[in-house]
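Novice: Sequence:
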Amino acid sequence: MNQRLSFLLGPGGLTASAFFAFKLLSGLEVFRFASKALPAAAAPELPEGWAYQRLSSLADLARLPAGTATQIAAQSGPEPERLLQRGCSIHVLLCGEAVVAQLNIETGPVCAVDDPKLALHLSAGDGFLGFLYTWPEFRRRGAAQLLIAATEQGMREQGLSRLVTHVRATNVPSMAVFKNLGCRFSAVVFSKTSGALVGSLGMGRLGLRALPAAGG
Numbered sequence: 001m002n003q004r005l006s007f008l009l010g011p012g013g014l015t016a017s018a019f020f021a022f023k024l025l026s027g028l029e030v031f032r033f034a035s036k037a038l039p040a041a042a043a044p045e046l047p048e049g050w051a052y053q054r055l056s057s058l059a060d061l062a063r064l065p066a067g068t069a070t071q072i073a074a075q076s077g078p079e080p081e082r083l084l085q086r087g088c089s090i091h092v093l094l095c096g097e098a099v100v101a102q103l104n105i106e107t108g109p110v111c112a113v114d115d116p117k118l119a120l121h122l123s124a125g126d127g128f129l130g131f132l133y134t135w136p137e138f139r140r141r142g143a144a145q146l147l148i149a150a151t152e153q154g155m156r157e158q159g160l161s162r163l164v165t166h167v168r169a170t171n172v173p174s175m176a177v178f179k180n181l182g183c184r185f186s187a188v189v190f191s192k193t194s195g196a197l198v199g200s201l202g203m204g205r206l207g208l209r210a211l212p213a214a215g216g
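Its first residue numbered 1, the sequence shown is counted upward by one per residue in full-length UniProt numbering.
In short, the hints are calculated from the structure, not lab data. Please read these numbers as outputs of a predicted model, since none were measured by experiment. Note that CB positions come from ideal geometry on N, CA and C, so glycine has one too. Just to be clear, a hint being listed does not mean it is correct.
27 Å max Cα-Cα, derived BS3-like pairs, lysine-lysine [stated by the list, open to error]:
#, residue 1, residue 2
1, K36, K179
2, K117, K23
3, K192, K117
4, K23, K192
5, K36, K117
6, K179, K23
Ranges of calculated distance between the beta carbons of each label pair, as one might list FRET restraints [to be verified]:
#, residue 1, residue 2, range
7, A62, P136, 25 to 35 Å
8, A40, Q85, 25 to 35 Å
9, N171, R63, 31 to 41 Å
10, H121, N171, 21 to 31 Å
11, A42, E97, 22 to 32 Å
12, L24, R63, 45 to 55 Å
13, R205, R86, 19 to 29 Å
Based on the sequences and whatever the hints tell you, model everything.
Specialist: Structural data, given as structure tokens:
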């Protein structure tokens with residue numbers, strides 16, 4: 001009970017609770033979409049022993065130790081090989097051979113979003129961030145925020161100018177991470193609990209279009 005009360009009274013808790021109540025009443029999931037321009041900035045300072053790595057090709061993946069590659073595959077959504085073959089990049093923080101945190105960046109003009117199931121039409125220069133995950137033993141150490149900051153520099157090197165992402169509206173920790181990094185949440189997408197797209201609001205303001213996934 002105390003944990004639930006802390007959640008309700010904490011930053012973003014009331015908003016998340018409202019979206020959770022909406023889900024209970026309507027049976028719909030709500031995802032909030034955000035964007036952030038990528039100005040030039042220095043790479044973040046990482047804790048001792050941590051390293052940032054961007055995987056852009058199958059060769060990059062093959063150079064990893066087998067255990068590291070297996071760990072990345074467990075939380076990358078689609079298989080890493082499939083992601084890299086379709087032009088995505090995988091960004092990781094490593095502590096030795098252990099994965100600290102990871103995420104995927106996909107570029108347009110259209111990228112597939114798994115949850116909710118939609119085809120996201122991006123603007124030129126956009127990179128869509130998905131599957132952000134911090135491994136449990138490294139949580140509460142700012143790993144997600146450090147990884148995103150390092151990834152932004154990698155995105156600029158790829159010629160991208162804007163980061164786009166989405167978060168389930170009830171996910172307070174992830175919302176806080178992106179807001180602390182300057183992302184503005186200004187659009188929402190509604191889906192059934194199965195993931196099927198129902199509708200969206202404000203996507204045009206972000207220069208995005210959310211359409212049902214093929215076969216969805």
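Novice: Going back to the hint list, which numbers does this structure go against?
Specialist: none
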